[in-house]
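Keeping their order, the protein sequence lines are chains A and B. Under the working numbering, the letters of the first sequence match residues 44 to 240, in that order. Under the working numbering, the letters of the second sequence match residues 857 to 1015, in that order.
Don't take each hint at face value.
To be verified - Dumping the calculated EDC-like pairs for lysine to aspartate or glutamate here, alpha-carbon to alpha-carbon at most 20 Å: (1) B:Lys912 to A:Asp139; (2) B:Lys899 to A:Asp76; (3) B:Lys970 to B:Asp955; (4) B:Lys903 to A:Asp112; (5) B:Lys912 to A:Asp206; (6) A:Lys127 to A:Glu150; (7) B:Lys1008 to A:Asp205; (8) A:Lys140 to A:Glu119; (9) B:Lys1008 to A:Glu190; (10) B:Lys1008 to A:Asp206; (11) A:Lys127 to A:Asp139; (12) B:Lys916 to A:Asp76; (13) A:Lys161 to A:Asp139; (14) A:Lys203 to A:Glu190; (15) A:Lys110 to B:Asp979; (16) A:Lys99 to A:Asp76; (17) B:Lys996 to A:Glu231; (18) A:Lys110 to B:Glu938; (19) B:Lys983 to A:Asp112; (20) B:Lys981 to A:Asp112; (21) B:Lys903 to A:Asp76.
FYI, nobody ran anything at the bench for these hints, they're computed from the structure. As the structure is a prediction and not an experimental result, all values here were calculated from the model.
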Amino acid sequence: MPRPLQEINAGSMADIAFLLLIFFLVATTMDVDSGLSRLLPPMPEENQVDEDTQIKERNVFVVLINKDDLLFVEKEVVDIDQLKNLTKDFFLNPLDKPNLSEKRSMEVDLFGNVMVSKGVISLQNDIGTSYGKYIAVQNELTAAVSEMRNTVCMQKFGRKFDDLNPLIETENRVIEAVKKVIPMAISEAEPKQIGGK
Amino acid sequence: MSKFKKKTSKGLKAIGTASLPDIVFMLLFFFMVTTVMRDTSLKVMIKVPSATEIKKLEKKSLVSYIYVGRPQTGLQKIYGTEPRIQLNDQFASSDDIRDFISSEREQMEESEQKQMTVSLKIDEKTKMLIVNSIKTELRKASALKINYSSRKRVSENPA
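The whole structure should be built from the sequences, with the hints applied where relevant.
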């Protein structure tokens, strides 16, 4: 005669689940990793000709941070709040001033013939510059570029650049085109030891 | 009078706990799914700088981390207070970065190796001397996609 099936006591199930829950609570890191993305230039090959000499001086936007975290733009001390607008002026150069960047006409997909700035940002820092300041400056430069991209994209396509999804092919085409019109040209020189340590 | 007495005579009714395991399990599954295990214990103190133009890092399996900061207070007697580089679980010098990158690369699938990103978690008070030597090493190791890890800053104006 089979014994009647005994029911397993499930009262302690909650305790076991709690135990596991607490383990996962402790082991969890919730922070999403985020930050400024950059692409480093590849190491120059040994017998490569230095191309930097070919860039005209007016096309180089010199941003320098010295060892005391002072910010110099084109050899003048400026506050970091101004950096974004200075950068935008340099690239867009709406009045075609001779001391700001030159433009050349270029054939870009979806845009046709457009004027593209020849400007390059040269970001220099001292070995004594603090990383926090360096990131703050990088952030402002990125902000300037993304604002310009947003404006161009808004004028041409009526949408913000940031809202475009690179996974959709038509939108990706727009992204690539806008990137060509407003390139992110930041060149980082090897740091010099300007002042003492 | 009898209105009030009625209740006390019955005694407190226990709340049913039968559904408690279900609730706990629900929470448990939530945390199990969202969990990313801490695979390294930090030996350096890091307060990453803040920025507004940040992008989220996709695909954690493609990301390697380099930590730079001052050693934690307990370790300062041995390692000093100068900022140090930490790779995996130990302190390292910038010369070790190339080996670190190649070993990280080997752990990835071949098709994904090109998308490898190095996240630099660097304390904001660190001097650029260290940062630059890391960047040079990364260039030599041709790990060119990097991400300067930073916090989201809410206000428009930088501090």
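For each hint, the structure was consulted:
1. B:Lys912 to A:Asp139: Cα-Cα ~37 Å, so violated.
2. B:Lys899 to A:Asp76: Within the cut-off at roughly 19 Å; holds.
3. B:Lys970 to B:Asp955: Holds: Lys970 of chain B and Asp955 of chain B sit about 17 Å apart, inside 20 Å.
4. B:Lys903 to A:Asp112: holds, 18 Å
5. B:Lys912 to A:Asp206: holds, 15 Å
6. A:Lys127 to A:Glu150: violated, 27 Å
7. B:Lys1008 to A:Asp205: holds, 16 Å
8. A:Lys140 to A:Glu119: holds, 18 Å
9. B:Lys1008 to A:Glu190: holds, 18 Å
10. B:Lys1008 to A:Asp206: Between Lys1008 of chain B and Asp206 of chain A the Cα gap is close to 18 Å, so the pair holds against 20 Å.
11. A:Lys127 to A:Asp139: holds, 19 Å
12. B:Lys916 to A:Asp76: OK: Lys916 of chain B and Asp76 of chain A at ~9 Å, within 20 Å.
13. A:Lys161 to A:Asp139: holds, 13 Å
14. A:Lys203 to A:Glu190: Answer holds: Lys203 of chain A to Glu190 of chain A is near 9 Å, not above 20 Å.
15. A:Lys110 to B:Asp979: holds, 17 Å
16. A:Lys99 to A:Asp76: violated, 39 Å
17. B:Lys996 to A:Glu231: Distance of about 16 Å is within 20 Å: holds.
18. A:Lys110 to B:Glu938: holds, 17 Å
19. B:Lys983 to A:Asp112: holds, 10 Å
20. B:Lys981 to A:Asp112: Holds: Lys981 of chain B and Asp112 of chain A sit about 11 Å apart, inside 20 Å.
21. B:Lys903 to A:Asp76: holds, 14 Å
The structure fails hints 1, 6, 16 (numbered hints given earlier, in ascending order).
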